[in-house]
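Peer 1: Read off the chains here:
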Amino acid sequence: MDRRDFIKACSTVAIASMLDKGLIGNALASQPGAVKEYEKALLVKEDGSPLSVEDVKPHTNYLFFYPFVSTPCFLLNLGKSVEPVEVELTDGSKYKWPGGVGPDGSIVAYSAICPHQWSYPTKDHTFISYYSPDQPSKTTKKAGVIQCCAHLSVFDPATGGKVLDGPAEVPMTAILLKYEEGKLYAVGTLGVEQFRDFFDMYKKELRKQYGSSRKAKKKSTKCEVIEVSKYAKETIKC
Amino acid sequence: MKMNRRELFKVAGVGAAAVGLSGSFNFSFAKKSEEITLTKPSSKSQRVVIVGGGWSGATLAKYLKRGNRDLDVVLIEKRANFFSCPASNLWLVGLIPLEFLVHDHLYAASKYGYHFINATVHAIDRSKRYVYTEKGKVHYDYLVLATGIDYDYSQWVGNNPKDVEIARTKYPAAFVPGGEHLTLKRKIEEFEEGNFVLTVPPGLDYRCLPGPYERATLIAWYFKKNKIPGKVILIDPHNDPPVKAEGFHKAWDEYVKGYVEYYSNATIKGVDFGKKVVSTEEYGDVNFDDLNLYPRCKSTELIYNAGLVPKGDRWPKLKWPYNVTVDDPRILCTGDARNHPFSKSGNTANSEAHHVAKQILAMVSGKSAEYMAPRTLCYSAVDADKAVWVDLTYKYDPKKNSFAFHNVKMDNTPTGKNYKAYIEWAKAMYRDMFS
Numbered sequence: 001m002d003r004r005d006f007i008k009a010c011s012t013v014a015i016a017s018m019l020d021k022g023l024i025g026n027a028l029a030s031q032p033g034a035v036k037e038y039e040k041a042l043l044v045k046e047d048g049s050p051l052s053v054e055d056v057k058p059h060t061n062y063l064f065f066y067p068f069v070s071t072p073c074f075l076l077n078l079g080k081s082v083e084p085v086e087v088e089l090t091d092g093s094k095y096k097w098p099g100g101v102g103p104d105g106s107i108v109a110y111s112a113i114c115p116h117q118w119s120y121p122t123k124d125h126t127f128i129s130y131y132s133p134d135q136p137s138k139t140t141k142k143a144g145v146i147q148c149c150a151h152l153s154v155f156d157p158a159t160g161g162k163v164l165d166g167p168a169e170v171p172m173t174a175i176l177l178k179y180e181e182g183k184l185y186a187v188g189t190l191g192v193e194q195f196r197d198f199f200d201m202y203k204k205e206l207r208k209q210y211g212s213s214r215k216a217k218k219k220s221t222k223c224e225v226i227e228v229s230k231y232a233k234e235t236i237k238c
Numbered sequence: 001m002k003m004n005r006r007e008l009f010k011v012a013g014v015g016a017a018a019v020g021l022s023g024s025f026n027f028s029f030a031k032k033s034e035e036i037t038l039t040k041p042s043s044k045s046q047r048v049v050i051v052g053g054g055w056s057g058a059t060l061a062k063y064l065k066r067g068n069r070d071l072d073v074v075l076i077e078k079r080a081n082f083f084s085c086p087a088s089n090l091w092l093v094g095l096i097p098l099e100f101l102v103h104d105h106l107y108a109a110s111k112y113g114y115h116f117i118n119a120t121v122h123a124i125d126r127s128k129r130y131v132y133t134e135k136g137k138v139h140y141d142y143l144v145l146a147t148g149i150d151y152d153y154s155q156w157v158g159n160n161p162k163d164v165e166i167a168r169t170k171y172p173a174a175f176v177p178g179g180e181h182l183t184l185k186r187k188i189e190e191f192e193e194g195n196f197v198l199t200v201p202p203g204l205d206y207r208c209l210p211g212p213y214e215r216a217t218l219i220a221w222y223f224k225k226n227k228i229p230g231k232v233i234l235i236d237p238h239n240d241p242p243v244k245a246e247g248f249h250k251a252w253d254e255y256v257k258g259y260v261e262y263y264s265n266a267t268i269k270g271v272d273f274g275k276k277v278v279s280t281e282e283y284g285d286v287n288f289d290d291l292n293l294y295p296r297c298k299s300t301e302l303i304y305n306a307g308l309v310p311k312g313d314r315w316p317k318l319k320w321p322y323n324v325t326v327d328d329p330r331i332l333c334t335g336d337a338r339n340h341p342f343s344k345s346g347n348t349a350n351s352e353a354h355h356v357a358k359q360i361l362a363m364v365s366g367k368s369a370e371y372m373a374p375r376t377l378c379y380s381a382v383d384a385d386k387a388v389w390v391d392l393t394y395k396y397d398p399k400k401n402s403f404a405f406h407n408v409k410m411d412n413t414p415t416g417k418n419y420k421a422y423i424e425w426a427k428a429m430y431r432d433m434f435s
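Heads up: the sequence lines are chains A and B, in that order. Take the working numbering: the final residue in the first sequence is number 238, and no numbers are missing along the way. Take the working numbering: the final residue in the second sequence is number 435, and no numbers are missing along the way.
Isolated chain A (complex conformation) (with noise of 0.2 Å):
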């Protein structure tokens, strides 16, 4: 992806005079073309009572829909205290991915839309998810990662996504949390968003399963979360 096309694809990015720096930081708002600010959306437990850091059990991948009803996340806790690293894509440009939040740092999210060719978790089955520390993939024999199998795609949820292994060219898109007052909130995404190619993609799906395109485009104002192997009836791992 060339540097038009990846300016295209933040083409809602506004200027950084723009962006609630309140809600995105400063450091955040001084990268435009990277970041973009949603709803501030509080993620809360399936009781719709707030989801608070301790709820987050560590490797365990966990799924909500944000920025948009329709687009699911994964949310993790990675166990440990993860930096700020700076996200390099093949054109050159780059942008700093603020690291994990919460009381330890440890807690991330990133859109779980596969950037290489948007396979994401459905009801029936999701072929990207989390490989804990514990249960490296067979194949690839990385653990601690996010993999795709239906190409072998493979990310890194502690630096901002990037790619470890496989086709994609993309890192995957990061949801921008805030940790207040014991409660945890989606904000915003950072980098390449993958959301206009998944709305157009799937239309039959979501029509499907949401009513009509317009109702799956809603944003989302409160995020429930969800263990993704209580979504997904199947996990396929490889």
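If you're looking for bench data, these hints aren't it; they were derived computationally from the structure. For each residue, glycine too, the CB sits at the ideal point set by N, CA and C.
In silico EDC-like pairs for lysine to aspartate or glutamate, Cα to Cα no more than 20 Å straight-line:
hint	chain 1	residue 1	chain 2	residue 2
1	B	K420	A	E234
2	A	K208	B	E99
3	B	K427	A	D200
4	B	K395	A	D165
5	B	K386	A	D124
6	B	K427	A	E169
7	B	K358	A	E169
8	B	K417	A	E234
9	B	K420	A	D124
10	B	K367	A	D91
11	A	K237	B	D411
12	A	K204	B	D104
13	A	K162	A	E88
14	B	K417	A	D124
15	A	K203	B	E99
16	B	K409	A	D165
17	A	K138	B	D411
18	B	K111	A	D200
19	B	K358	A	E88
What the simulated footprint calls covered on chain B by chain A, stretch by stretch (three residues with Cβ under 8 Å from a Cβ of chain A suffice, anywhere in the stretch; the number is not a length):
hint	stretch
20	406-414
21	417-426
Here the structure of chain A is known, so what remains is to put chain B in place on it, guided by the hints.
Peer 2: Showing chain B alone in chain A's frame:
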């Protein structure tokens, strides 16, 4: 009306000077010479014409436009619709519907902004940089020939036109979609008893290395499921399947035992269509009640006629390791139309096209792009709901000027999860090309 050579030149409207360029242009095909009117994004736009809208061409058209909207991209394809050869073995035995394999070019052309012309390219005028179709001619700055494969029957059938016609029509290889596939599906469904013989081409330059083995396995599964008193005989010049051998043997020894006979290391001497016999050195005459004859592959007539295939060879000569032809720096050959040491597969063609798009985008900007080898991720079904796979890339060593397999992964254990991944792999590839 008979037309003499001079009149033909006149109608063709091209200068006689073009004749001087060896193999560059066959006037007899130039029945219509009006230029097809195609609007360019801007007056300065360079044009890339892609001949062939298969896995390579369709991917390339999209990613050229995504990379540079000012580039004028024209995709010319003789079929109105795309019919996928990958995954087609599943359809042959009724495991997936036809809609899974068939896709339209118009949506992607409209969405990404490339021209789609449903026409056959008959000839190339390399000196003036035109391709000729029955609908008119199209000028190019760069030309990509993604024309796939053709069959070379000379080795097993000979050169008698009557025999070649029988081979093409009565026993089609069904590795060039889609009429051949329809014929083969009917043959499978109508088969009542006896030997259903399949052949594997020699060497490693045929389309889809595991394709004949997967097909033999699934036809055997179909016979078993439908209690057809027949068996599949697979005649193979190789000593074992070149890929996924373990998975195929497991299927033949367990899932479809008794329905497949595997004749490895076979030297096929010829085929007698009258006697319905495939003659081999090692196994004698193998009788067939029906036959799926997959012969050696070669590049297509268009590429031969353009003078891009050296005498005695079956593939165009390219500027190794790139896809640009040695004979013409403005012509590239991609996908299965060329012969690199990569498995000729859908995934290879798709991933190669992503890289070639970057090469061409650099070329039109007067820059150079780093060479990147394609990737081959290849699934094969070995039962109605089980599959195996191999994934690898190729590393180019500039010092040795050769490729080696790189980062090889595989799963030879037939599982249902692999089968589901196979289906998702194909769906995702179609999304990449057509959505």
